[in-house]
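Protein chains in written order, with our numbering: chain R, 2 to 332; chain D, 2 to 332.
To be clear, the hints were calculated from the coordinates, so they are not data collected in a lab. If a hint is listed, it holds; no wrong ones were tucked in.
It does not matter which identical chain is used: a pair holds within one copy or between any two.
Mimicking PhoX-like on lysine-lysine, the simulated pairs with C-alpha atoms at most 25 Å apart in a straight line are: (1) Lys-187 to Lys-177; (2) Lys-177 to Lys-304; (3) Lys-126 to Lys-264; (4) Lys-77 to Lys-304.
There are 2 protein chains.
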Amino acid sequence: MPELRKDPIHGRWVIISTERSRRPSDFTPEERRPVGGFCPLCEGNEDRTPPEVLAFRDNGTPPNSSGWTLRVVSNKFPALRIEGELNREGEGIYDKMNGIGAHEVVIETPRHEETLATLPLKSIKNVLLAYRDRIVDLRRDPRLRYVLVFKNHGLAAGASLEHSHSQIIALPIVPKRVSEEILGAKTYFHYKDRCVFCDIIRQELQQKHRLIAENQSFLSVAPFASRFPFETWILPKTHYPSFEHMELSQYEQAAQILSDTLKKMNRVLTDPPYNYVIHTSSSPEVDGEHYHWHVEIMPKLTKVAGFEWGTGFYINPTPPEEAEEYLREAK
Amino acid sequence: MPELRKDPIHGRWVIISTERSRRPSDFTPEERRPVGGFCPLCEGNEDRTPPEVLAFRDNGTPPNSSGWTLRVVSNKFPALRIEGELNREGEGIYDKMNGIGAHEVVIETPRHEETLATLPLKSIKNVLLAYRDRIVDLRRDPRLRYVLVFKNHGLAAGASLEHSHSQIIALPIVPKRVSEEILGAKTYFHYKDRCVFCDIIRQELQQKHRLIAENQSFLSVAPFASRFPFETWILPKTHYPSFEHMELSQYEQAAQILSDTLKKMNRVLTDPPYNYVIHTSSSPEVDGEHYHWHVEIMPKLTKVAGFEWGTGFYINPTPPEEAEEYLREAK
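Bound-form chain R, shown alone (with noise of 0.2 Å):
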C-alpha cells in the first residue's frame, strides 16, 4: 500500500510509492562524455573569468594568477546585476524591479577532474569556508536580503561547466520557498516550544530508520517526507540557525559529513547528478529560536514530470527507509 507523508516542517504532502518502488540499479545513469575542450575554471586560465572576489593561495601568489586552491569569481552571464540602484515599481496590476543582485561562482579546485567527493577534507572545508565568507561579505550590503549557495553537479541536474564549482546568488528579496519554511518552522516553534529540526534530530538519532550517517557535530538523514529517490538533508546536532555563524571547529565536521555523504551516493547511484541547497536564515537575530540550518542534496535520477509542477506534491518511488539501508552500509 502506497503511503502519503506530511513535511512536518512545510506541511507538504509526498506519496511514497511501495507498489513502484525502484532500487539503487533501477536508475540508469546518464550517459557520461565528458566535453573536453577550453575550461575556463582551469588553473592557468586566470584571465579567462571575471577578475576573483576570494582566493585561497597557499603560496601568495598574486590575485588572478595561479597557485591557488580556490577561487571566487563573478558568473560571466550573471543572472543579476550588482551595479545600480533598486527600483520598485508597477505595470498596471503587476510589480517589478531591476535585477540588482551578487551572481557569483566558487571554483572548488583548480583541478578539472576531481569532483567535491574526491577532494580531500581540507579542501572541501575551504569550499565551505568561502561560502561562510562571501555570505557574511554580501549580507553587508543593504539592498540584499538573502544569500543562496547552491550547487549542480553534473549536465541532468543543470551545470553548464563541467569543471566541480558551486554558484552563489544574492538577491534583493527572500524568496519565496525560504519564507515559508522559516515561517513553518516558526509555527511550530510556537506551538510547541521546541526547533522541529531539533526534533526531527532526536528522533532521528533515535530510530535510526532514516539515519545514514553521523559524527560527532553532524548527522545525515533520508528526511521522512522525501521528495526524491535518495534525496538526503545534512543537519548539525547544535541548533544554529546560520550557516555562516558556525564555530571555526564546525566546518570541519560540516566537510567531513558532506564528504563522508557524498562519497556514499557515488558508491551507491555511480556518481549520480545532483543539486544541494543549503538553507540558512538570513536574519537569526529573528529567527534564532526556531530556526535551524541545514543542507539539503537532492539526486537527480527521475524526471520531475507535470505532476510536481501543478501541485507540488511528490510521488517518489524510493523509501526512505529503503534509501538510508544502501547508503548506510555503503563504504
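Given the structure of chain R, go ahead and fit chain D onto it with the hints provided.
This is chain D only, laid out in the frame that chain R set:
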C-alpha cells in the same frame, strides 16, 4: 539589465534574464527516438490495460474492445489505491496516511502516431469532456478532496509511454501549491474586490504584449512572471472557478484554443516536450468569487536546477514578450 518580476497570484518572484536571452533556435530539441515495440494503449490491446472506467465509442462496440475514440483506464502502476478506508496516523513527530486515491490514464486517441497537437478538434473536445466527466465522478467520493488533471508529453517531460495520454490523480488532501494559489487569489479579491485572473485577462487583452491567441471565449498568454521559456497559460474570458462546471459550448472553444496554442508551440519549438496542468477549484461553492480555472502549459526546454528547487525562484532566459512574438506569429 535583468528584471525581477512578481507573479500577482502567488507572490513568486522570477528573474527575467535579458543578458542570457534565448531564442527558439537556442533550445536544442531533445533527440527523438521512437521507442517502438508493444504499446498497451493502442487499439486492439484493450485486454492489456485495466478495465476502462469511461470510453467514447461512435458505433456502440462493447466495453474493453476495439472501436473507441477515447478510453479512460486505471493506471496499471497506480501511485494511489482506491480501495480501503482513509487512516491517518502519527509516527513520533511525523504524520502520515495510507495512500487512498485514484490514478487514471486518459488515452486520447486509438492511434499511436497522433499527438494532441495533431488531433482533430472533435477529439480534443472529447479529451476535455472526459476530464470533466472523471472529475465530476471522482468528486462524489467523500474521501477525495482534489482531482488533478495533467499531461506529460515527451520523455524529458516525464512521459514514460509514447502514446498520447493524460493522467488524472484524485487525492485525499488539497495539495499545497493548489491551496496557496487559491489563497493568493482570495487575498487579492479581499483587497480589490476583483478576481486577479479577470484583472490579468483585462490587462493582457488591452496591452497585447503577451497575448498569444484568442477566440470568442478564451485567450492564451505568456504570463508576466513566466517561470520557464515559452510558458503559456490558457484562461476562459468568463469567470468560472471550476473547469468542470462550464456550459457545453465552452469546451469546444477551449479545445480550439488548446489546439491552436499547441500547434504554435510545435511550429516554433519543433514538437517540444511539455507538461500541462489544469488549475481548478474543487470547492467552487467556497472559491466561486475569487478563483478562476486555467491551464498552465510548461515546455520543458531548460533543466531545472538546484537554485529553483531550493527557493521556488526561477531564472527565465526568454522574456515572455519575446516568447509571445514568436508564438503569436506562428501559423
